[in-house]
Amino acid sequence: MSSSLSISSSISQPAASSLVWQRLQRNPVSFAALCVIVLIAAAAISAPIVAPYAPDATDPAASLQPPSWHHALGTDEFGRDQLSRIIFAARVDLLVAFAATFVAVSIGGLLGAVVGYSRGWTDTIAMRIVDALMAFPAFVLAMGITAGLGNSTTNVAIAISITQIPAYLRLTRGEMLRLREMEYADAARTVGNPTWRIVLIHLLPNCLPPLIVQATLSTGFALLTMASLSFIGLGIQPPQSEWGVMTAEGASQIVTGEWWLFLFPGLAIMTSVLAFNLIGDGLRDLLDPRMRGLR
Amino acid sequence: MGFFNYVMRRFALALPTLFGVSVICFTLTYLLPGNPAMVKAGPFATPEHLAEMEHQMGLDRPFPEQYYRYVSGIFKGDLGESASTGRPVSQDFLQRLPATLELNLASLLIAIVIGLPLGVLSAVHRDTLIDHIGRVVGIMGVAMPSFLTGLLFVYVFFYMLNLAPSPLGRLGPGIEPPAHITGLYVIDSLLTGNWTTLRSSLNQLMLPAATLGLSAIAPVARMVRSTMLEILESDYIKAAWAAGLPRRTVIYRDALRNALIPVITISGIVFGFLMAGNAVVESVFSWPGIGNYAVTALLTKDSAPIQSFILFVAVTCVMVNLAVDIAYGLVDPRIRFS
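These protein sequence lines map, in sequence, to chains S and E.
Using this note's numbering, read the first sequence as starting at 1 and increasing by one per residue.
Using this note's numbering, read the second sequence as starting at 1 and increasing by one per residue.
Everything labelled a hint here was simulated from the structure, so no lab data went into it.
Any given hint might turn out to be false.
Derived coverage of chain S by chain E (criterion: at least 3 residues anywhere in the stretch with Cβ under 8 Å from a Cβ of chain E; other residues may be distant) [as the list claims (entries may be wrong)]:
| no. | stretch |
| --- | --- |
| 1 | 118 to 132 |
| 2 | 224 to 230 |
| 3 | 254 to 264 |
Some but not every residue of chain S turned toward chain E, in silico, with C-beta under 10 Å [claimed, not checked]:
| no. | residue |
| --- | --- |
| 4 | A135 |
| 5 | V140 |
| 6 | M143 |
| 7 | Y184 |
| 8 | D186 |
| 9 | N193 |
| 10 | I198 |
| 11 | F221 |
| 12 | L234 |
| 13 | P239 |
| 14 | L274 |
| 15 | F276 |
| 16 | L278 |
Ideal Cβ positions, reconstructed from N, Cα and C, are used throughout, including at glycine.
Bound-form chain E, shown alone:
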C-alpha cells in the first residue's frame, strides 16, 4: 500500500509539470512563423479560401480553445503534418525513433561503462593521479562541444586511419536493414543472425555513440564520485574498517553496492542530457533519428516536426524522471516514507 501511494503521489506531482510543458510547447507553436493554413491551402489559394481553411483548422478560435484542440490532438496521436515530407509527423517520428533510441542507449552504455569505474576510482584514490585525471576528463568533457568531438573522430578514424566508415547514416552502402523487430538495427540483426548487417550497423554506430557517450561520461563520473565519497565517510563503512575487513571487501562489496543505487538516478539525468545532445550529434553523422529530423525541419521552417520534437523530448524527460523516482522508491524503502 505504501508503495502504491508513493507511485500515485509521484504521478500527481508530474501532472502540473506536464501541463506546463504542454502550455509552453503550444505557446511556441503559436509564435512559430508560417501559417499552417497557408501550407495546407497551397501557394495559389485565394484569401477567401485561406480564411475558410483557417476556420476549418480552428486557427481563428481563441487561445484556450486552440490549446484544448492541440492537447486533444496529441492524445489522439495527431502531431500535425510535416510540410516538407507531406506525411503526418507521428508517422515520421515512429520511423525515426528507433534510430535515436539505438544511439542514445549505446551512448548511455558507453557513459556508464567508462564513467562508473572512473568515478569509483577517483573517490577511492582521492587526490591522487587518477582523481586528477578524472577531474580533467570531467572538466574537458563539459567544455568540449559535442560537434567538435564528433568531427575529430571523423577526421582521425575515417579520414586518417580509415578504421571507421563514412559518417552517413545507420548502415554502410548496399547493406539491407534487418527484419523489423525492435527497430534497433544492432539488436534486430543479432536476433535474426544477420552478421553482415550487424557488423555494418555496429561500425556506423561506433563513432556517433562514442561522441554522445563521451559528453555524458563527466556527469556520470562526477555523481558516482561524490556518492562514493559520501558512502566511504559513512558510519557503516567506518564500522567495516574497524572490524578489520579487508580493503577489497569494504570498498567493492560494502561501499560500491550502495553507490550503485544512485546510478539509477544518474541514468535518468544522463538520458535527458543525451536527448538534448542528440540533435547536434545526429546532424554531424547524418544519423536518421528524430534530432536530425527536427534540425532539418528547423532549417526549412517546417513547424510541426519542431514542436513535436520539443514536446517529445520534454515529456520523455519528465517521464524518465518519474520512472527514476519510482525505481528509486522500489530499491530504497526509506524514500517512500519520507
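With the rest of the complex left out, here is chain S:
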C-alpha cells in the first residue's frame, strides 16, 4: 500500500513537467521562440564576454559607420558599437520585463486567490477597483504612474506591474470561484485545514496553468511597454543602453539616412516580444486544449 502511494506521487510530479517539455519540443515554432529568448538572456548575462566592445566606448574615428566586419550592426555618432550596446541593453530590458511580470503575478495572483475564495464584500470592492484600473489603457496608466512616482528604471517596473496586476487578479479570482466549489476543496475544509492553507497549498497551485500562460504573454507586453515609455523619454535615460532609448536616438538620425541606428534596436524589441508571444501561444495550446484553433 505504502509502496503504491510513493510510486504514484513520484510519477505525477516529474511526469507533468516532462510532458510539457516533450510537447513544447513538438511545437517547433514555440520551441524556436524559447531558444531565441534563452539565447538573448544568455547573451545579456554574459554581456561583458560576448559583446565585442564596451557599450560606452566611444571612437570618434569610427562615427556613424554602417554595418561592417568591424562593427556588425554599425556605430552611432560617437562611434559606439551598436551590437555591443544592444547586447548590454538586453540586461535592462529583460530584467525589467521579468521583474515587473513576476511582481504582478505574485501580487495579482495572491489578491485574486484571497478575494475569489472569500467572496462577499471584499470581492465586490476589489472587482470595482479592478474595473476602474482596467478602464485605463495599460500604456497610458503606466505613463501616469511613472510620471507620478518619478522618472527611474525601478519606477517604470513598478508602473508596469501595477498596470498588470488587475488582469492577474481577475484571472485568479475566476479560477478560485470555480475551484473552491470542487470536491477536493470540500475535503480539505472537512479535514479542518486552516483557510490560508486551503487557499495557498490546495487551490492556488491549480490556478497556475492559466497564470503561467498569461505571464508569458504579458512579459512580452511589459517589454513593449517599457521600450515605448523610454522611447518617449520616460524611464531609462540616455546614455544608458536600452532598446527604446536607442531607437529614439536612432530616430534623430533618420533624415540623414543612418537606418541601422533605429532599425536594429527596434528589431531587438520586436524579436523578443514576438518570442514571448509565441511561447505563450504554445503554452496555451499545451495547458488549455480548449483554446486550440480558436485564434
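Guided by the hints, dock chain E onto chain S, whose structure is given.
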C-alpha cells in the same frame, strides 16, 4: 421600455467605474511631483506667500475635500493650468483634440478596411495559405512596436522614395489650415473645396494613420475571424448549406452579415487601443494632438496636462464601451433581455 431600461442599467454600471477612474486619476495627481502652488506663486515667492497660495488653492485641505474640489472642477470644465503654455488645459485640449480625432478615425478606418476582409478570408479559408498569412500578420502586428513601424515608414517613404512629406505636423510648410468647421483638416478642406489643403493634409496624415492603423489590424482581423468561424459552425449556416444555397450566398449574405454586428464591439475596443497608441505615434510624427501634448508635458514635469490626458483617455474608453453596449443592444434585441 425594454430598451430604455437596458440603457439605464448600462449607465448605472458605468458610474462606479467612472468614480473609480476619477479617484485613480486624483491619486496620481496627488503623487505627481511639483507643487502647483509653487508654479502659480512663481520662483521668488516667500514661504508665507507660498503657504497663502496653498491655502487659496485648497492644497492644505484633507484628501476627500481636495478630491471633491477636483471633481467639481472637472464638471465645470476646469482641468487646471499648464505650467509650460500658461493657458488652461481645457483650452489647449480643445485646440489639439481634432488632430487626435482625425488621426484615430483615419487609423480605425484603415484597420477595419484591411482587418475585416482579412479576418473573413482567414475564417472562410481556414488553415490555408491566406489563414497562415493572416496569422503571421496578426502575430507581427502585436509584437511590432508602433514607433518602429512609424520610423520604417518615414525611412522608406520619406527618405528613400521621397513619396511622403517630412513627418512634421498636419500640413506641409506654407499651407494655411482650412476654415474651422469640424477641426478635422481633411473634412474641413473637403467641405470648403480647398483642394491644395486637402492634398497636403492627406499627405501628412497618410503615414501616421497607416502606422497607428497597422497596429490595430491584428485585433480586428482576429476578432472577425473567430466570430466568423463561430457563425460558420452555427445551425442556420448548416441549414443554408443543406438547402443547397450557393457558396457565395451562404458566406457573404448569411454569414458575413451576422459577423458584422461584432464589428461594433471591435470598433470600441480598437478605439481604446488607438487612444493608448496615439501618444507614441503622435510623438514620432510631431502630430499636434493631445497625445503629443501629454508626452511633452511629461518631459517638462507639467502635471495638469498629464492628468487631464489620462483622465480623458480613461473616460473616453468607458464612454465608448458604454456606447458600444448600447449600440449592441439596439441591433441585437437578445442582449437587452439577457
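Status of the hints after comparison with the structure:
Beta-carbon proximity to chain E at under 8 Å applies to 4 residues in the stretch 118 to 132 of chain S; the threshold of 3 is reached and the given coverage holds. Under the rule that three or more residues need a Cβ within less than 8 Å of chain E, the assignment of the stretch 224 to 230 of chain S holds, with 3 such residues. With 6 residues having a Cβ less than 8 Å from any Cβ of chain E, the stretch 254 to 264 of chain S passes the three-residue criterion, so the hint holds. Taken as an interface hint, S:A135 checks out: its beta carbon lies about 5 Å from the nearest beta carbon of chain E, inside 10 Å.
The beta carbon of S:V140 comes within 5 Å of a beta carbon in chain E, closer than 10 Å, and the hint placing it at the interface holds. At about 7 Å, the closest approach between the beta carbon of S:M143 and any beta carbon in chain E falls short of 10 Å, and the interface hint on this residue holds. Against a cut-off of 10 Å between C-beta atoms, the interface hint on S:Y184 is violated, since the closest Cβ of chain E lies about 33 Å away. Because the beta carbon of S:D186 sits about 32 Å from the nearest beta carbon in chain E, more than 10 Å, this interface hint is broken.
For S:N193, the suggested interface contact is broken, since its CB lies about 35 Å from the closest CB of chain E, more than 10 Å. For S:I198, the interface hint is violated, the least distance from its beta-carbon to any beta-carbon of chain E being 30 Å, above 10 Å. Hint status for S:F221 relative to chain E: holds, with the closest Cβ pair at about 9 Å, below 10 Å. A cut of 10 Å between beta carbons decides the hint on S:L234: the least distance to chain E is about 6 Å, and the hint holds.
For the restraint placing S:P239 at the interface with chain E, the shortest Cβ-Cβ distance is roughly 17 Å, beyond the 10 Å limit, so the hint is violated. Because the smallest distance between the Cβ of S:L274 and any Cβ of chain E comes to about 4 Å, under 10 Å, the interface hint for this residue holds. The interface hint given for S:F276 holds, since its Cβ lies 8 Å from the closest Cβ of chain E, which is under the 10 Å cut-off. A cut of 10 Å between beta carbons decides the hint on S:L278: the least distance to chain E is about 7 Å, and the hint holds.
When each numbered hint is compared with the structure, violations occur for hints 7, 8, 9, 10, 13.
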